[in-house]
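> From first to last, the protein sequence lines are chains F and S.
Number 215 in our numbering belongs to position 215 of the first sequence; there are no gaps in the numbering.
Number 154 in our numbering belongs to position 154 of the second sequence; there are no gaps in the numbering.
Read the hints as simulated data drawn from the structure, not as lab findings.
Computed from a predicted model, the values in this text were never measured in an experiment.
Everything hinted at is true.
Distance condition first, Cα-Cα at most 35 Å in a straight line; then the derived DSBU-like pairs of lysine-lysine:
(1) F:Lys52 with S:Lys159
(2) S:Lys159 with F:Lys91
(3) F:Lys147 with F:Lys91
(4) S:Lys159 with F:Lys117
(5) F:Lys41 with S:Lys170
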Amino acid sequence: MINSPAELEKLRQEILSKRDPGTTRISICAGAGCLATGAGKVITAFGEEIEKQGLRNDVNIKGTGCPGFCERGPVVVIDPEDICYLQVTPKDVPEIVAQTIKEKKVVDRLLYVDQTKNEKAVHEADIPFYKNQERNIIGNNIKIDPKCIDDYLALGGYSALAKALFQMTSEQVVEEVKHSKLRGRGGGGFPTGIKWEAARNAPGDTKYVIVNADEGDPGAFMDRAVLEGNPHSILEGLIIGAYAIGSHEGYIYVRQEYPLALENAGIAIKQAEEHGFFGTNILGSGFDFYVKVHRGAGAFVCGEETALLLSLEGKPGEPRARPPYPATRGLWGKPTNINNVETWANVPLIINKGADWFNQFGTERSKGTKIFSLVGKIRNTGLVEVPMGVTLRDIIYKIGDGIPGSKKFKAVQTGGPAGGCIPEAHLDTAVDFDELTKAGAIMGSGGMIVMDEDTCMVDVARYFLNFLSEESCGKCSPCREGVKRMHQILTNITEGRGKEGDIELLEELALSTRSASLCALGRSAPNPVLSTIRHFRDEYETHIRDKMCPSHSCKELISYYIDPDKCGACRICPRECTSGAIIGDKNQIHVIDQAKCNKCGTCFEICPARFGAVIRLSGKPVPAPIPEEMRVIVRKRNPKREKQDAGNLLTD
Amino acid sequence: MRSPDIQGSSQSGASMKRTEIEIMDAEKVERIIDNHRCEPGSLIQILLDIQAELHWLPKEALAMVSEKLHVPMSRIQHTATFYKAFSLVPKGRHEINICMGTACHVRGAPRVLEVVQNLIGIQPGETDAEMKFSLGTVNCLGCCALGPVMEIDAERLGKLAPATTAGLLKGYD
Chain F
1 MINSPAELEK LRQEILSKRD PGTTRISICA GAGCLATGAG KVITAFGEEI
51 EKQGLRNDVN IKGTGCPGFC ERGPVVVIDP EDICYLQVTP KDVPEIVAQT
101 IKEKKVVDRL LYVDQTKNEK AVHEADIPFY KNQERNIIGN NIKIDPKCID
151 DYLALGGYSA LAKALFQMTS EQVVEEVKHS KLRGRGGGGF PTGIKWEAAR
201 NAPGDTKYVI VNADEGDPGA FMDRAVLEGN PHSILEGLII GAYAIGSHEG
251 YIYVRQEYPL ALENAGIAIK QAEEHGFFGT NILGSGFDFY VKVHRGAGAF
301 VCGEETALLL SLEGKPGEPR ARPPYPATRG LWGKPTNINN VETWANVPLI
351 INKGADWFNQ FGTERSKGTK IFSLVGKIRN TGLVEVPMGV TLRDIIYKIG
401 DGIPGSKKFK AVQTGGPAGG CIPEAHLDTA VDFDELTKAG AIMGSGGMIV
451 MDEDTCMVDV ARYFLNFLSE ESCGKCSPCR EGVKRMHQIL TNITEGRGKE
501 GDIELLEELA LSTRSASLCA LGRSAPNPVL STIRHFRDEY ETHIRDKMCP
551 SHSCKELISY YIDPDKCGAC RICPRECTSG AIIGDKNQIH VIDQAKCNKC
601 GTCFEICPAR FGAVIRLSGK PVPAPIPEEM RVIVRKRNPK REKQDAGNLL
651 TD
Chain S
1 MRSPDIQGSS QSGASMKRTE IEIMDAEKVE RIIDNHRCEP GSLIQILLDI
51 QAELHWLPKE ALAMVSEKLH VPMSRIQHTA TFYKAFSLVP KGRHEINICM
101 GTACHVRGAP RVLEVVQNLI GIQPGETDAE MKFSLGTVNC LGCCALGPVM
151 EIDAERLGKL APATTAGLLK GYD
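Here chain F stands alone, though its shape is the one from the complex (with noise of 0.2 Å):
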C-alpha cells in the first residue's frame, strides 16, 4: 500500500534498480489477435528453449500488449537491441534463442521486408508501417506485461495521478483537459473538459464516472488492444476525472465479447487496489475512489450514454431522450460522466505532460492523435495512430501499404454503422471530425474498412443496415420501421428486385429517419445509405435497370461459368466445388450446373492462373455448356506438364 507520492516514487526506483537495461527482453504480443494466430504457443516455446539453454536467469520473456501490426503477428521485440521479428512461429524460437539471444546476430528471414526498396528492416521504427505513426497511446503497449502492475510503473505510471492528487486543485484538472481540448474519442467528439465541467458543477454527493469499452462498431478494435495491452493508463485517467469531478465510484463497461480484455482489466483493477490506486485516502490525499467492472450482454446499441447507464442498472438498454444529459441526470438518476476508452487514456498524458504539449498534435478544432483501426481489403491491417488532420491516402498508402494483389482501390468506410463511404477522389480529406463528416462520413470511434472494386457498395449500405435494423432497440418508430424499410429495399436491389423510384425513396425515407429518431443510432443510421448514394449512385442505378452488379459481389445477379476454351480440365475445381455442382473429368472440360450452384466463388478462386477459366458474369446470360461430345480434350503427351498437374492435384 502505498502511503504518498514520495513512497511512489520509492517504489518505481526500487523496481527499475532490480531492471538492468541491459538485460536481454523478449517481448510478444499477447493480443487476442496474435493469439489467436498462435502467439500463446510462441510464448511457451521460448520459454521452454530458454530454460533448454540454462538462460533463465540471463533473459525476461513477457506477454505483451497490442503494438497494433496484427498482419504479421504474432510480433516478438527483443530488447535491449530493439530487433523486431514478424510472423514468429513456434519451430522459429529455437534459431532466435541461439542465434539473436545467444549469438547476438539477426534472423534475418523473420524481418520485415520493403518490398519497394526490398530492404529489411530490423528495427520497429524503421518499418514504414510504424515509422508514419505518432504512437502517444498504443506505444508503450509493446512495453508492458498488462497482468504486470510494476511494468506500467517502470514507465511512469500514476505519476499523473499523483501529480493532480498532490499539485493540483480538481478545478485546475478540469481546465488543464478544457485547454487541451480534447474531444471524446467514442465517435461524438463532445469536448471532454466541457463535459467534465458539467458533471463536477451539477449538484449533488453522489457521482459516477464510467468508462465507456462498448466497442459495438463491426470492424473497430483500438478500444479493446489499449484495455487489454494498457489497462492501467486507463485507470488512472478514469481516479484523475474522478477527482477533477468529485466522484467517489466508477464503473468501466465492457463488452462481453472481449474476454482478454475483462480478464486483463480484472487484474489490473485488483493490483492497483493492493497498491492503494483505489480505495480510501488514495496515496495518502484523503480521496476516496472505486471502480467496478461491469461486463455488456451483446446490445450495440449500449454504446450510446443513456442506454449504457440503463444496461448498468440491470435493465434493457433502451435509449431516452437528452437532455437532461448524464451529467446532471446519469446512473441512477445522479450526475455521471462517461467517456470511451481512449478519452480516458489520454488523460494521464495530458495531466503529466500538460495541455500545450497535447495541442501541438492535430489540427485547429480536433488536437491530439487518434487510434484507427484500419481492415479490410489493406496489407497491412492493424492498428494506426496518427495525430489529426493526417490524410486517408496516407493513412491506406504509407501505412497501410495499399491495397493487396492487384485489386484497385474503391473506398473507405469510415466510423461504423454510423458513418459513411469516401471514394478514391476525396483520399485527400484530412481525417479530423469535422473534414470527414463534410465528406459525408464521420470519425466515428475509428473503425476503417478499405473496400476494392471487389466490393459492391449497395452491398455494403445493406449490410450496414441489416446490422442497425438488428441493433435497434424498437423504442421509437422511425428507427424501427425507418431502418427496416431502407433495408428491405436495398435488399430487393441486391437481388434484383430493384424498381425505378427505389433511390429517391431511399433518399426520404433517409431524411425522415434521421430527423426523427430518438438516439444516435437512428439519426446516423442512413448514412451508410446516403453516402453511397452521393458517391456511388451509377452502381445504384446498375443493379436497378441492368440487374447487375459491377462488383460481381451481390450473389442473386451473378453466375459463375467456365470458358470451355480455357479450361485445362484439372479436377480441381470439381473437386473443392462446395455444393457438387461441377461436373467434370480429366481431359473432359468442366461444366458448372448453374441449377446446383450456390456461387460460394470457390471455383473463381481456386482456378490455376495459368489457366484463368472462371469467369463471372452480371448483367447478361450464361452460355448454354457445350454438348457433351465437344468437352474431350485430346492432349499431345507432355510428361513433364502430367507431372506438374499431378503435383497441383496433391498440393492444391
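Take the given structure of chain F and dock chain S to it, following the hints.
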C-alpha cells in the same frame, strides 16, 4: 429489433427432456445469485454468469432469479430477450460463432456462413437436432487481420475460405 431466440430453431425431443433444471444446476444458479448479493442492479451480470455456466437460461433459473431479486418475471424476460448474449433455448455441445463484422464481410464472411449453414443444416440462432452444434453470428471479434473468422467454442479460426471450412467442422462430436 431482434426476434427472441425462443422462437424457431429445430428443437426436438432431446431438449424437452432437459427443461427441468437439475438439482446441481439449481445450486449453481443459487450460488451465482448470492455472489452478486441479490442486487437487482446486477440482473444482467447474474444472467451472464448463468449463461456462461449452463450455456442457456432455463425458465426455472429465471424464476429463481425473479424470486431472489424481487424483480418481476416480465422484466427478466424483457432483459433476456433484449441482449444477444442470452439464449432461452439450450445450446449444442459446440458453439460456432461466425464473425459478421465489416472487415470479415468484405472478405467473404457471408459465403463462409452459407457453407456452414448448408453443412450442418441450421440457421444462425438455431441448434441441430442432435444437440451437436449451435450456430450463431457475432458482430466483430476484433481479429480483423484474420478475417473471415469463425469461433468454435473458445478457439478462433481465421483466414477462412468456403472450400476449407468443411474440414474444420470435422473432429467434433
